[in-house]
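Each protein sequence line maps, in turn, to chains A and B. Residues 1 to 207 in this note's numbering are what the first sequence spells out, letter by letter. Residues 1001 to 1375 in this note's numbering are what the second sequence spells out, letter by letter.
Treat the hints as calculated values from the structure; they're not laboratory data. For each residue, glycine too, the CB sits at the ideal point set by N, CA and C. One should not assume that every hint holds.
To be verified - Have a look at the derived ranges for each label pair, beta carbon to beta carbon:
no., chain 1, residue 1, chain 2, residue 2, range
1, B, 1226, A, 180, 45 to 51 Å
2, B, 1177, A, 42, 41 to 47 Å
3, B, 1270, A, 40, 55 to 61 Å
Unchecked claim - Cross-link-like lysine to any residue pairs, in silico, SDA-like; alpha carbons within 25 Å at most:
no., chain 1, residue 1, chain 2, residue 2
4, B, 1068, A, 33
5, B, 1299, A, 88
6, B, 1068, A, 158
7, B, 1299, B, 1247
8, B, 1299, A, 164
9, B, 1299, A, 27
10, A, 104, B, 1065
11, B, 1299, A, 158
12, B, 1068, A, 60
13, B, 1299, A, 173
14, B, 1299, A, 60
15, B, 1230, B, 1242
16, B, 1299, A, 34
17, B, 1299, A, 65
18, B, 1230, B, 1206
19, B, 1299, A, 44
20, B, 1068, A, 34
21, A, 104, B, 1166
22, B, 1068, A, 93
23, B, 1299, A, 183
24, B, 1299, A, 87
25, B, 1068, A, 44
26, B, 1068, A, 88
27, A, 104, A, 173
28, B, 1299, A, 33
29, B, 1068, A, 90
30, A, 104, B, 1068
31, B, 1230, B, 1316
32, B, 1299, A, 92
33, B, 1068, A, 154
34, B, 1068, B, 1205
35, B, 1326, B, 1316
36, B, 1299, A, 177
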Amino acid sequence: MALPAGTLASHELMSEATMRDEERFDHILDPTGQSRRSTQASSAAQRLPALANARVGLLNNTKQNAAPLLAELGRLLADGYGATVTIQRTKPTIAFPVDEPTLKEISAVSDVVIVGVGDCGSCSASAVADGIAFEREGVPAAVICSDAFEVTARAMAEVQGDAGFEFLMTSHPVAVLTPDQVNARAAELLPAVIARVTEQALTETAT
Amino acid sequence: MTGRAVGETTGGAVDDTTLTQGDIEYMYERGWTDGLPVVPPTRELTDELLATTSRPADEVIGRLDHLKREVTVELAAINSVMAGCRPEYFPVVLACWDALMLERATVGGGWQSTSGPAPLLVVNGPVRQRLGFNSTGGVFGPGFRANATVARAIGLIVRNALGIVPHVFEQATQGIPGRWAMCIAENEEESPWEPLSVDGGLPSGVDAVSTTLLRTSEYVDNRHTGDPEKLLADFADTISRTGSWIFRNATAGVVFCPEHAQLLAGAGMTKDDVRSWLVARCGRSTADLSRVGKSLSEKGVRGDHGDDGDHPRDGFDPLFAENSPKHLLIAVAGARNAGISMVVRLFTPWSGISARVDPPAATRQSVRLDRSNGT
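Whenever a hint applies, use it, and build me the whole structure from the sequences.
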């Protein structure tokens, strides 16, 4: 997706020429406290061969329309693919990543998890942190973010040590959709959700 | 604070001007500035700031665990140098930061919010004169180094030490005008009331900072009436707008100009009287709120709940949840030359706690961090 003019990613801020010249500026103290880059490693859990009998966990971050969107995705996975929604939880603090007890509780009874909807400044980033946490617990995770928050979601993936983490994007806005529009949106997202958590490749762009 | 001779580049001597310009460009390229040039933070300048506080350089004074970032006293000093602070301003920067960390939003996701809030910093006590903080004409700035650079230092700490960079972790849709530029001193000399820091739990006359995040501001110009109730009704009308009202209740503040404050006090009103008058009257009819899609559901959520939500159509929703300085903050600042005051919108209720500014320390050797990792 093309970004609007003026949009910068953190890794684009320093040119190579500046890197070479950096010793010239040793007398300038670093105001970030980030002298070392974090190490990056894929968090990806083993994907499922198929969704039949798969246990699905839903983590709702409380944004407007998040609960019905996740519920509809769960219904579509149950009706069309033989999965079962085993647990639905709501994050207590939208701005922060999921707490450890909830992470363990959901992971214990889920083969795949759907997280959403990243639709605000802090919660889009924290939804990505949630997804990475579930993957590290061994549970494939489909994280849904509004496409207006792509950059902040990507930046969080880097902070959490998995810069390549894949999340699903849906068109902004989500909060003002009617119930019928929410269901339509879930249907649109369904192929990408399935491709994200199973070994099946996505055959066409779903978002 | 001119450039320093740090050696040569390509074999020839380089004058200080060139070095300083190169430093400034380097800091732009690293993404460390707020868009304006910053002062190169050298070890020497940073140590001058650290020498003004007894707090150790490596003391952690703020953290955002979800972003894996923390702020130390030294990082605060480095960013304060960059902002253009004189060394003696640093205890004020630290007090601002301490007060900010008591705000619910600053340790939550507030800095990342699409609302794009920024702190209002209010300075009280003799430190205002000692360091030259403006409390009178044009108090919301610019034009005064102490006000401008202390507010800017906070913005640079958030940007650099917490890593909240615009378009990345800072997701402001538009942001508040005056972001990182709202440091005012209270006009205690022309205020008829106790300083804001007294509402924040400190004795009058103590050097202190009070702060909370603002969402926006709007002026009230009333040079039209000498009737205190009519004047307050003008404030109530502005405070009660629907546009900034998003949850069950809202919070606000008024930075009264001396003329308005003195008119109210002259009619026998204390600050608490003024607050009580406004809290009792600010709000909107449920019909008004319904008309803009902000009626209240049974669960207390504002939204477009069809016709008029669960409230009777002839009801009245009070704007404030509580009659307290946390929900309606009142301060006095500006010149005594007109009846023009500012209504501000708080992002969340104020903590209600003001932070002391440490007294000027006797010159002391700063504690140096181990630099083996480089900076």
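Hint-by-hint comparison with the structure:
1. 1226/B with 180/A: 45 to 51 Å: Taking Cβ atoms as reference, residue 1226/B and residue 180/A lie about 58 Å apart, which means the hint is violated.
2. 1177/B with 42/A: 41 to 47 Å: Holds, since residue 1177/B and residue 42/A (Cβ atoms, about 43 Å apart) stay within the stated range.
3. 1270/B with 40/A: 55 to 61 Å: Check passed, 59 Å falls within 55 to 61 Å.
4. 1068/B with 33/A: holds, 11 Å
5. 1299/B with 88/A: Roughly 20 Å between the alpha carbons, so the hint for residue 1299/B and residue 88/A holds.
6. 1068/B with 158/A: holds, 11 Å
7. 1299/B with 1247/B: holds, 11 Å
8. 1299/B with 164/A: violated, 40 Å
9. 1299/B with 27/A: Measuring from Cα to Cα gives roughly 57 Å; hence the hint is violated.
10. 104/A with 1065/B: Judged against 25 Å, a Cα distance of about 19 Å means the pair holds.
11. 1299/B with 158/A: Not satisfied, since the Cα-Cα distance of roughly 38 Å exceeds 25 Å.
12. 1068/B with 60/A: OK: residue 1068/B and residue 60/A at ~24 Å, within 25 Å.
13. 1299/B with 173/A: Within the cut-off at roughly 24 Å; holds.
14. 1299/B with 60/A: holds, 18 Å
15. 1230/B with 1242/B: Answer holds: residue 1230/B to residue 1242/B is near 21 Å, not above 25 Å.
16. 1299/B with 34/A: Since the Cα atoms of residue 1299/B and residue 34/A sit roughly 44 Å apart, the hinted pair is violated (cutoff 25 Å).
17. 1299/B with 65/A: Satisfied, since the Cα-Cα distance of roughly 16 Å is no more than 25 Å.
18. 1230/B with 1206/B: violated, 35 Å
19. 1299/B with 44/A: It is violated: about 39 Å lies between the C-alpha atoms, which goes past 25 Å.
20. 1068/B with 34/A: Distance of about 10 Å is within 25 Å: holds.
21. 104/A with 1166/B: Since the Cα atoms of residue 104/A and residue 1166/B sit roughly 34 Å apart, the hinted pair is violated (cutoff 25 Å).
22. 1068/B with 93/A: Distance of about 17 Å is within 25 Å: holds.
23. 1299/B with 183/A: Status holds; Cα separation ~24 Å.
24. 1299/B with 87/A: The hint holds at about 24 Å.
25. 1068/B with 44/A: Holds, at about 21 Å.
26. 1068/B with 88/A: violated, 28 Å
27. 104/A with 173/A: violated, 31 Å
28. 1299/B with 33/A: violated, 44 Å
29. 1068/B with 90/A: Measuring from Cα to Cα gives roughly 24 Å; hence the hint holds.
30. 104/A with 1068/B: holds, 21 Å
31. 1230/B with 1316/B: holds, 21 Å
32. 1299/B with 92/A: holds, 17 Å
33. 1068/B with 154/A: At roughly 15 Å apart (the allowed maximum being 25 Å), residue 154/A and residue 1068/B satisfy the hint.
34. 1068/B with 1205/B: violated, 39 Å
35. 1326/B with 1316/B: Holds. Residue 1326/B to residue 1316/B sits at ~22 Å (cutoff 25 Å).
36. 1299/B with 177/A: holds, 20 Å
Of the hints listed earlier, those the structure fails to meet are numbers 1, 8, 9, 11, 16, 18, 19, 21, 26, 27, 28 and 34, in rising order.
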